[in-house]
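A.B. asks: One letter stands for each residue in the lines below.
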Amino acid sequence: GDSVTQKEGLVTLTEGLPVMLNCTYQTIYSNAFLFWYVHYLNESPRLLLKSSTDNKRTEHQGFHATLHKSSSSFHLQKSSAQLSDSALYYCALNTEGADRLTFGKGTQLIIQP
Amino acid sequence: NAGVIQTPRHKVTGKGQEATLWCEPISGHSAVFWYRQTIVQGLEFLTYFRNQAPIDDSGMPKERFSAQMPNQSHSTLKIQSTQPQDSAVYLCASSNRDWGGVEQYFGPGTRLTVL
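Protein chains in written order, with our numbering: chain B, 2 to 114; chain Z, -15 to 99.
Bound conformation, chain B alone (with noise of 0.2 Å):
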């Protein structure tokens, strides 16, 4: 079945140094979407990114990723870290007819001063 990895369960960074979140899938079906889910403390998970055209960059609230499917992933980025960026981030796989979002693990993004 469909598979999403998430290898860093817990990064910390100081603010203002880059992000790189990374997301790997594995999928029989060569129409993948993928997704990044964020979720602050309180707050109900919100997606943040997503993406179904191989080496496009998607942009959305400073952060980006491309979706390479030679690769098979969909890594997380931004320039620059702030405070506010601190959450638990997920990504997720949808391919063509299932309803269902094939989740990773999450990882846990803490911006320090």
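Because the hints were derived from the structure by calculation, they are not lab data.
Some hints could be false.
[Stated by the list, open to error] Computed spacing ranges between beta-carbons, pair by pair:
hint, chain 1, residue 1, chain 2, residue 2, range
1, B, 72, Z, 55, 43 to 49 Å
2, B, 80, Z, 47, 46 to 52 Å
3, B, 18, Z, 41, 39 to 45 Å
4, B, 70, Z, 64, 43 to 49 Å
5, Z, 69, B, 97, 32 to 38 Å
6, B, 60, Z, 62, 40 to 46 Å
7, B, 70, Z, 0, 45 to 51 Å
In this text, a Cβ means the ideal position worked out from N, Cα and C, and glycines have one as well.
The hints should help you fit chain Z onto chain B, whose structure is shown.
C.D. replies: Just chain Z, lined up with the frame of chain B:
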């Protein structure tokens, strides 16, 4: 659009008691999903409904967990004989299919604490 509504936001039960969690999906959404979130396991899929019909309950612990969707405006997750290991945040999400992939909209969750 009020978003996905979950009640209660917090629930504390004693070991062996029953807990019922409620979810009201976004109006017009055809699919409703239940997840359990813990630090160790992350976001675990439990079950989902499409057009009120149960489709996939492969993530549900078989013996004590059950879910229903009696009408299009709400779904319930019931845990019988709760155990301390059931303590988690239970999230409900709803979605509607479109060509761009299925974005799920989450509720705020119910934090269940079993003493």
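A.B. asks: Are there hints from earlier that the structure breaks, and if so, what are their numbers?
C.D. replies: none
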